[in-house]
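Chemist: Take a look at the letters that make up each chain.
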Amino acid sequence: MSVLEEMQENVVAGNESKVVELTQKALDEGLAPEKILNDGFVPGMEIVGRKFQENEIYVPEMLMSARAMKAGMKLLEPFLTEAGIEPIGKIVIGTVKGDLHDIGKNLVAMMLEGGGFEVIDAGVDISAQKFMDLVKEKKPDILCLSALLTTTMGEIKNVIDAFKENGLRNDIKIMVGGAPLTDDYSKEIGADGYSPDAASAVDIAKELLSK
Amino acid sequence: MKRLIDLANSFYSKNKRLVAPLLGFPGVKLAGSSIKLAQQNHKEHFKVVSSLVDKFNPDIQFVLMDLSVEANALGLNTIFPPNESATVLKKDSEFNMDYLDLLRKIEFDSDGRLLSYVRTIELMKLNFPSDIMVGAYVSGPYTLAGLIVGAQEAGLMAAREPEKLEKICIFTTECIIKYTRLLLSAGADAVCVLEPSGVMLGPSHFNKFSAVNVKKIVEICHRENVDCVYHVCGNSMHLIEEMVQSGVDALSLDSKDTGVDLLVVAGNVPDNVVLIGNLSPTRTIVYGAPQEVKSEVRDLLELMDDFSNYVLSTGCDLPLETPLDNISAFMETGRNYVVST
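As you go down the protein sequences, you meet chains A and B in turn.
The letter at position 148 of the first sequence is residue 148 when you use the numbering used here, and the numbering goes up by one with no holes.
Just add 211 to wherever you are in the second sequence, counting from 1, and you've got the numbering used here.
Just so you know, not all the hints are guaranteed correct.
Quick list of in silico lysine-lysine cross-link-like pairs, DSSO-like style, CA-CA up to 27 Å [said to hold, decoys possible]: (1) B/LYS427 - A/LYS70; (2) B/LYS375 - A/LYS70; (3) A/LYS130 - B/LYS302; (4) B/LYS316 - A/LYS74; (5) A/LYS51 - A/LYS97; (6) A/LYS157 - B/LYS426; (7) B/LYS426 - B/LYS316.
Chain B is faced by these chain A residues, among others (derived, beta-carbon under 7 Å) [what the hints assert, rightly or not]: (8) ASN55; (9) TYR58; (10) VAL59; (11) PRO60; (12) GLU61; (13) LEU63; (14) MET64; (15) THR81; (16) ILE85; (17) LEU100; (18) THR151; (19) ALA179; (20) PRO180; (21) THR182.
Keep in mind that the hints were calculated from the coordinates and are not lab data.
The beta-carbon is built from N, C-alpha and C at its ideal position, and this holds for glycine as well.
Using the sequences plus the hints, can you model the full thing?
Modeler: In structure tokens form, the structure reads like this:
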């Protein structure tokens with residue numbers, strides 16, 4: 001088994017220390033950082049996403065995999081930067097104002113990182129104004145908005161409306177998600193994409209980038 | 212008070228259905244109060260739930276859904292926005308097992324806010340018509356553990372340190388049982404265990420951290436001849452077997468939008484387990500028009516026609532901004548429906 005295959009396997013198993021060890025081994029063997037990312041981490045996280053969608057694994061196992069991937073990425077990132085490897089897209093993600101829940105948002109962020117995106121995590125309880133400021137400052141390709149509560153899902157619409165009112169809507173693709181949201185609701189409020197779960201977020205984000 | 216299954220069967224034998232939306236926060240509007248006041252003062256709380264009973268006359272009336280009661284009684288930082296449910300803030304320091312020893316020293320069941328919920332149940336039992344079941348909520352063992360250690364940390368702990376998490380869940384269950392005993396003494400006719408975080412777990416983890424512990428709460432309820440209901444938010448289709456095995460009397464399930472197929476569930480659970488659900492609280496009741504609510508309630512009732520063990524309800528709690536006309540449409544359609552057998 002090659003070092004990258006072994007890496008995929010350990011990302012899926014959520015074995016953090018082994019993933020770090022294998023990342024170092026791959027670098028020591030002279031593999032290109034981009035190859036380690038694209039043939040090690042990305043397919044590993046794709047398997048994790050598929051297993052999650054097929055109910056083979058659940059959130060705890062997904063968290064373990066994401067954490068392992070992140071630990072490996074931390075080691076790899078300086079080499080990617082040095083080699084001039086750009087992420088496939090930039091994303092700002094946050095939970096809307098009034099909502100302090102972050103586990104879903106964190107999982108989406110980790111899956112997107114594992115999918116090759118640069119992710120700027122704004123955190124929780126983020127106002128429309130703060131999202132607008134972040135978009136102006138960081139210039140992401142996609143803004144991801146999350147809400148867990150039925151009481152805060154309306155805030156997602158408020159953020160989208162604020163972007164429209166301030167003439168910023170055309171500058172950004174907006175993707176939404178969270179337990180009370182549905183595809184119909186996301187269309188109704190004018191979002192560009194809706195992700196029903198963390199695993200689908202990567203494909204939807206890639207789709208939005210190509211539009 | 213009769214048991215829920217007997218009531219459901221009795222209504223079904225008359226081609227009727229029990230109608231019991233998960234209804235609390237809209238009462239704040241009706242009573243001219245605020246969520247914060249109601250969640251901190253039992254008289255205000257009673258005023259809120261009474262306004263719902265006066266206007267809608269549901270078959271079961273629960274207190275306000277509040278997942279912070281037990282966590283707050285354990286001293287965890289909680290915020291009380293005027294018109295949002297109280298929320299436990301994320302712990303900013305890393306959890307260690309010594310912290311559990313500190314929590315054990317807290318006189319959990321003499322907490323003022325926890326007792327205000329107990330007083331509310333007492334007032335409901337004393338003042339509501341005897342044919343309305345008085346429902347109490349308690350946090351689920353895993354959800355409360357998640358509030359103590361952090362939801363994400365609890366998830367990681369489930370996979371990495373299950374023995375540790377098991378100990379924490381045993382502790383949270385002991386607390387929940389203390390609270391349950393107080394609610395039963397106050398006259399609760401049904402105790403609903405809220406386990407929203409449980410939906411993130413696979414069946415074996417759910418069983419280990421939630422269901423085996425809920426079984427202990429069920430036993431306490433059954434000693435007093437009181438029903439115990441299991442509520443898991445989101446798509447709980449993969450957990451139905453474990454929920455049933457806990458011995459609960461009823462499952463309260465989320466809407467089809469989340470992936471719950473009530474018909475499939477009904478075909479798989481014993482007919483002495485009541486199914487409560489599952490109209491979409493947001494898509495239909497908050498954002499729909501009364502006509503849509505009526506049409507979806509009828510569709511749902513028709514879907515469940517063959518099952519006696521069914522109570523018409525919402526998939527989850529109705530938020531404050533729910534249009535009152537939509538709740539009336541829900542109640543009216545449910546009341547007027549004739550089961551075709």
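Chemist: Does A/GLU61 pass the interface check with chain B, least Cβ-Cβ distance below 7 Å?
Modeler: Hint holds; A/GLU61 Cβ to chain B Cβ min 6 Å, cut 7 Å.
Chemist: Mind checking the CB of A/LEU100 against every CB in chain B and telling me if the closest is under 7 Å?
Modeler: holds (6 Å)
Chemist: Below or equal to 27 Å on CA atoms is what counts here, so check B/LYS375 against A/LYS70.
Modeler: holds (24 Å)
Chemist: So, A/PRO180 near chain B? Judge it on the closest CB pair being under 7 Å.
Modeler: Because about 5 Å separates A/PRO180 from the closest Cβ in chain B, which is inside the 7 Å limit, the hint holds.
Chemist: Report holds or violated for the interface hint on A/ALA179, using the least CB-CB distance to chain B and a cut-off of 7 Å.
Modeler: holds (5 Å)
Chemist: Given the hint that A/LYS51 pairs with A/LYS97, test it: the Cα-Cα distance must not exceed 27 Å.
Modeler: violated (32 Å)
Chemist: Given the proposed pairing of A/LYS130 with B/LYS302, does the C-alpha separation stay at or below 27 Å?
Modeler: holds (24 Å)
Chemist: Do the alpha carbons of B/LYS316 and A/LYS74 lie within 27 Å of each other, as the hint requires?
Modeler: The hint is violated at about 41 Å.
Chemist: Would you settle whether the hint for A/ILE85 is holds or violated, based on the nearest Cβ-Cβ distance to chain B being less than 7 Å?
Modeler: At 29 Å from the nearest chain B Cβ, A/ILE85 fails the 7 Å test, so the hint is violated.
Chemist: Tell me if the interface restraint on A/THR151 is satisfied: Cβ within less than 7 Å of some Cβ in chain B.
Modeler: Constraint on A/THR151 satisfied, holds at 5 Å.
Chemist: Can A/ASN55 be said to touch chain B, with a Cβ gap under 7 Å?
Modeler: Hint on A/ASN55: holds, closest Cβ of chain B at ~6 Å, below 7 Å.
Chemist: Have a go at the A/VAL59 hint: is there a Cβ in chain B nearer than 7 Å to its own Cβ?
Modeler: holds (4 Å)
The structure is inconsistent with the numbered hints 1, 4, 5, 6, 15, 16, although it conforms to all the rest.
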